[in-house]
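**Student:** Please model the complete structure; the sequences and the hints are all you need to start from.
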Amino acid sequence: MNTGLSDNEIISKVLGGDQQAFAGLVKRYQNYVFTITLRYIPSREDAEEVAQDVFVKAFRFLSDFHGETAKFSTWLYTIVTSTCLSFLRKKKVNLQSLDDERVFASADTLDSGLRANTIEGKSKQKVLNEAINLLSTDDAQIITLFYKAEQTLEEIGQILHTDPNTLKVRLHRARQRLREKMEKHFPEEVKSMQAD
Amino acid sequence: MEERLWNYIDGVSSEDEKSLIEKLLASDAAFRAKYQELLGLHQLLGKVELEEPSMRFTLNVMEEVAKYGVAKATGKYINKRIIWGIAAFFFIMIGAMLVYGFSLVNWHATPGTSIIPIDIKKWEPSKIVTNTYVNIFMMVNIVLFLYLLDRYLSRKRAERMTGHSV
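Protein sequence lines correspond, in order, to chains A and B. Going by the numbering used here, the first residue of the first sequence is number 67, and it counts up by one from there. Going by the numbering used here, the first residue of the second sequence is number 163, and it counts up by one from there.
Worth flagging that the hints you see were computed from the coordinates, not collected in a lab. Just to be clear, a hint being listed does not mean it is correct.
Pairs of lysine-lysine residues, derived as DSS-like cross-links and limited to a Cα-Cα distance of at most 27 Å, are as follows [to be verified]:
hint, chain 1, residue 1, chain 2, residue 2
1, B, 229, A, 156
2, B, 180, A, 79
3, A, 250, B, 209
4, A, 234, A, 250
5, A, 192, A, 257
6, B, 234, A, 137
7, A, 234, B, 209
8, A, 192, B, 234
9, B, 180, A, 234
10, B, 318, A, 123
11, A, 79, B, 229
12, B, 229, A, 157
13, A, 257, B, 209
14, B, 242, A, 123
15, A, 93, B, 229
16, A, 156, B, 318
**Tutor:** Structure (structure tokens):
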């Protein structure tokens, strides 16, 4: 469905009254939106609900998107950020406590995971995903936006309302901390990655 | 060193820095090893799989979306004439106050007799703010409020009737 069409072409169709064409955009971006949402909201159930809300908002305010000056993905991720923050505000979740909670939860799964690790071995991607989960929300989010959502620093700047130069430094530090987490929690995997 | 290498890997280093790094990569084995290590992480991060929501996700979104319509662009429902009208009102008010203020100035006052050359005794707000004016002002506001409330409720009722909240 609409797989060959560009984002702007699909948007034109939706604005022209073809509501079903929006499903093409949902399918194209649902994994990106869900992944970024999970960086803020660790519960998959809540994250899915929020991600759904993001697409509904995007649909309702599609007329406000200006395809000639911005990328749809950048606009969509701006909605993700504001919707997640508003969800956390409603639930009165402090981002710091969220980070702590997520780190402890990840550390627990890591402890058991590491024991199994020696027997079955983890894929590099799984190791990396778990290490990203150990990072703070800010670090995990910037890495996700840069690598997974393929946004440039300028675009991330638009999403997070932050200067790209500041983001460059934050990205360096986030990658540095990611390496530290990997070396601390997955020393064997890191060694094997370096040997590859 | 790491920050320079990351800039190089991200493609954001300047031309001078780029050539310097390339020279170091060709000559310094430790620098090259660090580069390989960071490049490995960079490439790995680029390959990380995305999380997937449930199978019904698209369907759920489309079901939800079907209840709504696309809202008008924000720029379309902001009436510029209203904005200009409000601005004009404030400019006229400021202008009228300035004219009134200058009309009270005693231009023949001798220097040193008064710091402000305005005859304060002439200032009688009760002449302007009479009960009649206050009543008229209040009445206009109440009528305006009732008119806007009626428009808002009518729109809400129309939305409910059509089943769309545009």
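**Student:** Are there hints from earlier that the structure breaks, and if so, what are their numbers?
**Tutor:** 2 and 8
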